[in-house]
Amino acid sequence: LGFVATNHLIPSIKLYTLKKGISGKDLGKKGTALENKDIPEALGIVSGSVFLVCLILCLVGYATSHPSKLLDCNSALLSICFMLFLGFTDDVLDWPWRYKLVLPSVASLPLLCTYAGSTSIVVPIHARPLLFYNSKLTIFSWLLSFLITVDKNSEGCIVDLGIWYFLYMGMLAVFCTNAINIYAGINGLEAGQSFVIGCAVLLYNLIEIENSSLSWQNHLFSVMIMLSFLGVTTGLLRHNWYPADVFVGDTFCYFAGMTFAVVGILGHFSKTLLLFFIPQIFNFLWSTPQLFHFVPCPRHRLPKFNSKTGLMEPSTFPCEAGQFRVIKRHPDDTTCPNMTVINLCLQILGPMREETLCVTLLALQVLCCGFGFFGRYYLAQFFFDR
4 LGFVATNHLI PSIKLYTLKK GISGKDLGKK GTALENKDIP EALGIVSGSV
54 FLVCLILCLV GYATSHPSKL LDCNSALLSI CFMLFLGFTD DVLDWPWRYK
104 LVLPSVASLP LLCTYAGSTS IVVPIHARPL LFYNSKLTIF SWLLSFLITV
154 DKNSEGCIVD LGIWYFLYMG MLAVFCTNAI NIYAGINGLE AGQSFVIGCA
204 VLLYNLIEIE NSSLSWQNHL FSVMIMLSFL GVTTGLLRHN WYPADVFVGD
254 TFCYFAGMTF AVVGILGHFS KTLLLFFIPQ IFNFLWSTPQ LFHFVPCPRH
304 RLPKFNSKTG LMEPSTFPCE AGQFRVIKRH PDDTTCPNMT VINLCLQILG
354 PMREETLCVT LLALQVLCCG FGFFGRYYLA QFFFDR
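In my numbering, the protein residues as written are 4 to 389.
Calculated directly from the structure, the hints in this document are not laboratory data. These figures come from a predicted structure and were not determined experimentally. Just to be clear, a hint being listed does not mean it is correct.
Restricting the straight-line Cα-Cα distance to at most 27 Å, the calculated cross-link-like pairs of lysine-lysine (DSS-like) are [what the hints assert, rightly or not]:
id: 1; residue 1: Lys311; residue 2: Lys32
id: 2; residue 1: Lys33; residue 2: Lys23
id: 3; residue 1: Lys307; residue 2: Lys32
id: 4; residue 1: Lys274; residue 2: Lys103
id: 5; residue 1: Lys28; residue 2: Lys311
id: 6; residue 1: Lys139; residue 2: Lys155
id: 7; residue 1: Lys103; residue 2: Lys23
id: 8; residue 1: Lys23; residue 2: Lys40
id: 9; residue 1: Lys331; residue 2: Lys311
id: 10; residue 1: Lys28; residue 2: Lys307
id: 11; residue 1: Lys103; residue 2: Lys307
id: 12; residue 1: Lys28; residue 2: Lys103
id: 13; residue 1: Lys311; residue 2: Lys33
id: 14; residue 1: Lys155; residue 2: Lys274
id: 15; residue 1: Lys40; residue 2: Lys311
id: 16; residue 1: Lys33; residue 2: Lys331
id: 17; residue 1: Lys307; residue 2: Lys40
id: 18; residue 1: Lys33; residue 2: Lys307
id: 19; residue 1: Lys22; residue 2: Lys40
id: 20; residue 1: Lys274; residue 2: Lys72
id: 21; residue 1: Lys33; residue 2: Lys22
id: 22; residue 1: Lys32; residue 2: Lys22
id: 23; residue 1: Lys40; residue 2: Lys28
id: 24; residue 1: Lys331; residue 2: Lys307
Listed next, with one range per pair, are the computed distances between beta-carbon atoms [unchecked claim]:
id: 25; residue 1: Lys274; residue 2: Ser108; range: 14 to 22 Å
id: 26; residue 1: Ile210; residue 2: Ile128; range: 18 to 26 Å
id: 27; residue 1: Leu146; residue 2: Arg328; range: 38 to 46 Å
Just so it is clear, CB atoms sit at the ideal spot from N, CA and C, and this is done for glycine as well.
Please work from the sequences and hints to get the whole structure.
Structure (structure tokens):
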């Protein structure tokens, strides 16, 4: 239903955005016949709105059979709706970055207020002697007790993070909403990566339900949200795939990020969720010098299109010879590649067509999600008790 509605509405709604001037040029098509074509922007508002309608319809049946989850459902709707609104206003008004960091924290408050799960974490086996040794707490554990609670009865196996766990979940919401937004710039990547992550989350939920997990009801709640999300994302991706007829805009990036934060927090698998965000985490870490202006950061860091070869190449910013040698191929270069995974991929693999680049990055996302499952169900047994 979500796919059909989104796929049907986008061709109609994009005419209204064009009429109101909510459009942009595809910077990856410079030097081609599509260079001056106006591409409708912020069409993520269609997928987000359809998602909210689908979710409300699902809640009619779900909340009836699971009345205890009604509060979770309402908080999820409130947080996602808030971020959808913020994303659309950002596409129209172009908010400064400081607002993009603060407002997701505000949007996560309904989730944190309704969170009724544990704030304790299991300490890895190899780190437990640092907290508990010879049947008593260590000095390090005593120092930590001023910030967190070390469970003496579990002999250092469990610590209660308390308010720090809520801080982590709030930061998770900020990260998810912005991680997709900064890992973007080519046709199909934002919706594509969201689709892959959504599939990974859905598969994880189904595995946990099949294994009769203690929190199977939370995973069922996540399944309901993910099915609607994947439907609308597929409809949007169909129109955003190369060559894009529409741009998803910050509207979709914030909506998708908050949806993942919602299922991670209310589904009680916020730590596992990060295993499916490995490329986004690496992209954030690699981009940090530019994001915090230790290195010059141009407004657009997306790869540049070479009209002569028809291939995408790493975009650069000017610098002096000898500067930023670590990220240069040659120390004497007077240009430096922008620090994103997209540009890094082009540096390593060489120039390629835009659709090939997108497929390559989505394949990387699939591989990283696969590694996330490997870490969750195999590597974890070497660090945690069964």
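Do the hints match the structure? See the list:
no.: 1; hint: Lys311 - Lys32; in the structure: holds (12 Å)
no.: 2; hint: Lys33 - Lys23; in the structure: holds (24 Å)
no.: 3; hint: Lys307 - Lys32; in the structure: holds (9 Å)
no.: 4; hint: Lys274 - Lys103; in the structure: holds (23 Å)
no.: 5; hint: Lys28 - Lys311; in the structure: holds (19 Å)
no.: 6; hint: Lys139 - Lys155; in the structure: holds (8 Å)
no.: 7; hint: Lys103 - Lys23; in the structure: holds (24 Å)
no.: 8; hint: Lys23 - Lys40; in the structure: holds (16 Å)
no.: 9; hint: Lys331 - Lys311; in the structure: holds (24 Å)
no.: 10; hint: Lys28 - Lys307; in the structure: holds (14 Å)
no.: 11; hint: Lys103 - Lys307; in the structure: holds (26 Å)
no.: 12; hint: Lys28 - Lys103; in the structure: holds (23 Å)
no.: 13; hint: Lys311 - Lys33; in the structure: holds (10 Å)
no.: 14; hint: Lys155 - Lys274; in the structure: holds (24 Å)
no.: 15; hint: Lys40 - Lys311; in the structure: holds (19 Å)
no.: 16; hint: Lys33 - Lys331; in the structure: holds (25 Å)
no.: 17; hint: Lys307 - Lys40; in the structure: holds (17 Å)
no.: 18; hint: Lys33 - Lys307; in the structure: holds (9 Å)
no.: 19; hint: Lys22 - Lys40; in the structure: holds (14 Å)
no.: 20; hint: Lys274 - Lys72; in the structure: holds (21 Å)
no.: 21; hint: Lys33 - Lys22; in the structure: holds (23 Å)
no.: 22; hint: Lys32 - Lys22; in the structure: holds (22 Å)
no.: 23; hint: Lys40 - Lys28; in the structure: holds (6 Å)
no.: 24; hint: Lys331 - Lys307; in the structure: holds (17 Å)
no.: 25; hint: Lys274 - Ser108: 14 to 22 Å; in the structure: holds (19 Å)
no.: 26; hint: Ile210 - Ile128: 18 to 26 Å; in the structure: holds (23 Å)
no.: 27; hint: Leu146 - Arg328: 38 to 46 Å; in the structure: holds (40 Å)
The structure fails none of the hints (numbered hints given earlier).
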